[in-house]
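S.K.: Listed below are the residues making up each chain.
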Amino acid sequence: MSENNSVGIVAPETAHFNVPLKLKSGQVLSQYDLVYETYGTLNADKSNAVLICHALSGNHHVAGKYSEDDRYPGWWDNLIGPGKPLDTNKFFVIGLNNLGGCHGSSGPSSMNPETGKQWGSLFPILTVEDWVNSQARLLDHLGITQLAAVIGGSLGGMQALQWSIAYADRVRHALIIASAPNLTAQNMAFNEVARQAIITDPEFHNGDYYEHGVVPRRGLRIARMLGHITYLSDDVMGEKFGRKIKDTIKYSFDVEFEMESYLRYQGDKFAGSFDANTYLRMTRALDYYDPALAFDGDLSKALSQTKAEFLVLSFTSDWRFSPARSREIVKALLDNESTVSYAEVTAAHGHDAFLMPDAHYHAILRSYLSNIQTDNNQIGSNHAE
Amino acid sequence: MQNNVNITDFRQDFAIIANWVKFGSKVLDLGCGDGQLLQFLRSSLEIKGYGVEKDDANLLACIQNGTNVIQMDLEDGLSGFEDQSFDTVVLSQTLQAMHNTEKIVLEMLRVGQEIIVTFPNFGYWRNRWQITAGRMPVSKTLPYQWYDTPNVHLCTIHDFDAFCHNHQIEIIERKVITDGKEVSFMPNMLGNLAMYRLKAR
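So the protein lines, in turn, are chains B and L.
In the working numbering, each residue's number is its place in the first sequence (first place is 1) plus 21.
In the working numbering, each residue's number is its place in the second sequence (first place is 1) plus 137.
Hints listed in this document are in silico derivations from the structure and should not be mistaken for laboratory results.
Take the hints with a grain of salt, since some may be wrong.
Here are some chain B residues the structure puts well away from chain L; computed CB gaps all over 10 Å [said to hold, decoys possible]:
(1) ALA32
(2) TYR87
(3) GLU135
(4) GLN139
(5) LEU143
(6) ALA189
(7) ILE250
(8) GLU281
(9) GLU365
Below are the DSBU-like pairs computed for lysine-lysine, each with C-alpha atoms no more than 35 Å apart in a straight line [said to hold, decoys possible]:
(10) B:LYS67 <-> L:LYS185
(11) L:LYS318 <-> L:LYS240
(12) L:LYS336 <-> B:LYS328
(13) L:LYS185 <-> B:LYS322
(14) L:LYS191 <-> B:LYS261
Even for Gly, the Cβ is constructed at its ideal location relative to N, Cα and C.
Kindly produce the complete structure, drawing on both the sequences and the hints.
M.R.: And the structure:
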């Protein structure tokens, strides 16, 4: 993709909310900020909005750059822009940072208005359901009644699914990518190890490390290293690093193999830019999400009220959110006679594949998105304007 | 959007299938290709249709033309589909290329109240003639050489009749066509494409 189909220089905006948000845990967020970015132009009848839901470590900066010499564009820049699969000449795209995040929306590292100190351990644990409720309020704030589409990968896909359940009249299309209707025990186990790495870091201070002027870097670094192992496939790791030796074998515990160098680099980079309290909460949101739970484990019943049309995508080498999990969503949608297509994309990159510009994957998204109508509301029973 | 679709624009086998599918019913097309049959049935009979397809290029074509398509391999069965959840399940000219031939037919009967199976009749006289002449048949309906053919389970109309009999499958209707025309005289000899409308007995 060339530079000239970038959305260009972008800037985040912040929306403040004073109406308390009741959380699934029973706690209440009395006020909060959501930071977001938009790309493209909202059309006259506000029917071309697409919401991007981010995954574990994502944020609102989905596309474009903050300045000309910004080295890295937004995290899904290969998908979004004029002429790209999610075409900003057609759609008005919204990216936001979820509550509990560490990139501008209210989260553990932001100021608790009641204490005048950083929230730290007191910041509530939010769920996918809570996020989607807060996202709906952001749409209200932007005057958008109904989304042309909601798109998310991984944890973002869970939010897209939840949108179709909780706000059936407000979503015309849900694109659920490399996701699952809940986590398997093995998947939750990885999250638990990641959290234990953080929580047992001596500098964690029960989550109130801000007031000690330290961060649990070591724990966060290990958590991220573990994550990276699970996001790649064995094949790709083999291809990328194999048993390649960094310099010469030194018979030490320093970096001996290329793979170790990669993991340490990724861990260090992340630990220097992400908040450990946010990481804990994001993994918990993943663990808790299980829309079928309220229906005796029957996902088909959980999805029976959805009205959206669905595109479900998985990647053959993704073992953290395997194709079998996506097929569970597809089966539940078929049981409900929903409009659904399912693509199982052959890809080597494991879970990370959903962020890569694979030609076939992007061709599917491009085709699906180009068929979405933006000039009228197709389900529109909740047209409040 | 397809409007004013003319039946003659489509293949004769599509027209026969359309006669066996009820208006507004729910249809599953196995090995749906680029979704042509489903589009035809949708525009002529307002069916609710889903296709199953393994091939990436066909899947993409379906998504481009707005056909519901599920990417999976029929050899694995139809595990994502509930018992009797479709009015009609179609397997159009794919049976002969299946490895798990018996399994897919039984799976179709599980999922569909009725099923439609079509296949090239190996008993067609041109095939017999080529065998008599000492060569494996190559024709419009069997366009492959023996070494590159995907067709691993070719059968004749008599073979399939016996298969249905042995598996307690009721033949509701059978049509045999050659070059787009129906054949009623000596179908196993003169018929090129066999089309069956079936249900579990």
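S.K.: Is it the case that ALA32 (chain B) keeps its Cβ farther than 10 Å from each residue Cβ in chain L?
M.R.: The assertion about ALA32 (chain B) holds, with a minimum of 34 Å to chain L.
S.K.: Does the no-contact call for TYR87 (chain B) survive, Cβ to all of chain L over 10 Å?
M.R.: Holds: least Cβ distance 34 Å, greater than 10 Å.
S.K.: If we take the beta carbon of LEU143 (chain B), is the closest beta carbon in chain L still more than 10 Å away?
M.R.: holds (45 Å)
S.K.: When you check the alpha-carbon spacing of LYS318 (chain L) and LYS240 (chain L), does it fall within 35 Å?
M.R.: Measuring from Cα to Cα gives roughly 31 Å; hence the hint holds.
S.K.: Going straight from one Cα to the other, do LYS185 (chain L) and LYS322 (chain B) come out at no more than 35 Å?
M.R.: holds (20 Å)
S.K.: So GLU365 (chain B) supposedly isn't at the interface. Is its beta-carbon more than 10 Å from every beta-carbon in chain L?
M.R.: violated (5 Å)
S.K.: Is the nearest CB of chain L more than 10 Å from the CB of GLU135 (chain B)?
M.R.: Per Cβ check, GLU135 (chain B) is outside 10 Å of chain L; nearest 50 Å; holds.
S.K.: Between LYS191 (chain L) and LYS261 (chain B), does the CA-CA distance stay at or below 35 Å?
M.R.: With a Cα-Cα distance of about 29 Å, the restraint between LYS191 (chain L) and LYS261 (chain B) holds, given a limit of 35 Å.
S.K.: Next pair to validate is LYS67 (chain B) with LYS185 (chain L); report whether the Cα-Cα distance is within 35 Å.
M.R.: holds (30 Å)
S.K.: Mind checking the alpha carbons of LYS336 (chain L) and LYS328 (chain B) for me, to see if they're no more than 35 Å apart?
M.R.: holds (32 Å)
S.K.: With d taken as the least Cβ-Cβ distance between GLU281 (chain B) and chain L, does d exceed 10 Å?
M.R.: For GLU281 (chain B), whose nearest Cβ neighbour in chain L is about 36 Å away, the distance exceeds 10 Å, so it holds.
S.K.: Grab the minimum beta-carbon distance between ALA189 (chain B) and chain L and tell me whether it stays above 10 Å.
M.R.: Correct as stated: the minimum Cβ-Cβ distance to chain L is 19 Å, above 10 Å.
Going down the numbered hints, you'll see the structure goes against just number 9.
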